[in-house]
Amino acid sequence: DAGVIQSPRHEVTEMGQEVTLRCKPISGHNSLFWYRQTMMRGLELLIYFNNNVPIDDSGMPEDRFSAKMPNASFSTLKIQPSEPRDSAVYFCASSARGHEQYFGPGTRLTVT
Amino acid sequence: GIQVEQSPPDLILQEGANSTLRCNFSDSVNNLQWFHQNPWGQLINLFYIPSGTKQNGRLSATTVATERYSLLYISSSQTTDSGVYFCAVEFINDYKLSFGAGTTVTVRA
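Line order of the protein sequences matches chains Z and H. Numbering follows our numbering, with no gaps: position 29 of the first sequence is 31. Numbering follows our numbering, with no gaps: position 2 of the second sequence is 301.
There may be inaccurate statements among the hints.
[As the list claims (entries may be wrong)] In silico lysine-lysine, DSS-like type, Cα no more than 25 angstroms apart, as pairs:
id, chain 1, residue 1, chain 2, residue 2
1, Z, Lys-70, Z, Lys-80
2, H, Lys-353, Z, Lys-26
3, Z, Lys-70, H, Lys-353
4, Z, Lys-70, Z, Lys-26
5, Z, Lys-80, H, Lys-353
[Unchecked claim] Quick partial rundown of chain Z residues pointing at chain H, CB under 8 angstroms, derived from the structure:
id, residue
6, Pro-10
7, Leu-45
8, Phe-76
9, Gln-103
What the hints contain is simulated information worked out from the structure, not anything from laboratory work. What you are looking at is a predicted structure, and each value in this text was computed from that prediction instead of being measured. Even for Gly, the Cβ is constructed at its ideal location relative to N, Cα and C.
Can you make the complete structure from the sequences, with help from the hints?
Written out as structure tokens, the structure is:
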């Protein structure tokens, strides 16, 4: 298996622009997680999907952030409009329920 | 509140040395994982170990669930072992991983 796939790996954008991050989980995994990592706050869970349904989005920082999972093999995290404080590494992870999580390589987002 | 605590926060080793990293957690767990975040930022699974002992090459881990701690052993450390080691737990009746703050390991040649 190719593991969790994320794109793009790096994104540089200007404040106010829309940013879309993409994730393909490991085939057969039914749980998907989006995390954000910063030096100040460490790893934070943003949202959790189970069987394509958002179960907990309490970690999404504000309405500028949205996430979708239209099918079992694809998820997006969108930031609109982006702000400099959104600069971070965004990770997607997947697991089979009750088993270990596997992380993607991350997307390094820089908002100028 | 529910917590995951790792120690020490930082560790500097000479190549070839052995070390032990500790993870304490505050409640019963379904799942415990150790990750290595390498200098390129990748989070690599080391162990899935809610209880018992596992070994993988120079690394081994032990979780004593009844006493709520886990240990990660690094033997004969190499410079490629440098990075941040995270312990993450899934508490009973939860679904998400709670991460410790990590132990930053620097191995010097």
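Against the structure, the hints:
1. A C-alpha spacing of about 9 angstroms is found between Lys-70 of chain Z and Lys-80 of chain Z, which places the hinted pair at or below 25 angstroms, so the restraint holds.
2. A hinted pair counts as satisfied when its Cα atoms are at most 25 angstroms apart, and Lys-353 of chain H with Lys-26 of chain Z does not qualify at roughly 30 angstroms.
3. For the suggested pair Lys-70 of chain Z and Lys-353 of chain H, the alpha carbons sit about 37 angstroms apart, so the restraint of at most 25 angstroms is broken.
4. For the hint linking Lys-70 of chain Z to Lys-26 of chain Z, the alpha-carbon distance of about 12 angstroms falls within 25 angstroms, and the restraint holds.
5. For the suggested pair Lys-80 of chain Z and Lys-353 of chain H, the alpha carbons sit about 39 angstroms apart, so the restraint of at most 25 angstroms is broken.
6. With 8 angstroms as the threshold, the beta carbon of Pro-10 of chain Z stays out of range of chain H, its nearest partner Cβ sitting at about 14 angstroms, so the hint is violated.
7. Among the interface hints, the one on Leu-45 of chain Z holds; its C-beta lies about 5 angstroms from the nearest C-beta in chain H, closer than the 8 angstroms criterion.
8. The beta carbon of Phe-76 of chain Z is not positioned within 8 angstroms of any beta carbon in chain H (closest approach about 21 angstroms), and the interface hint is therefore violated.
9. Because the beta carbon of Gln-103 of chain Z sits about 6 angstroms from the nearest beta carbon in chain H, less than 8 angstroms, this interface hint is met.
Taken one by one, the earlier hints fail for this structure at numbers 2, 3, 5, 6 and 8, listed in ascending order.
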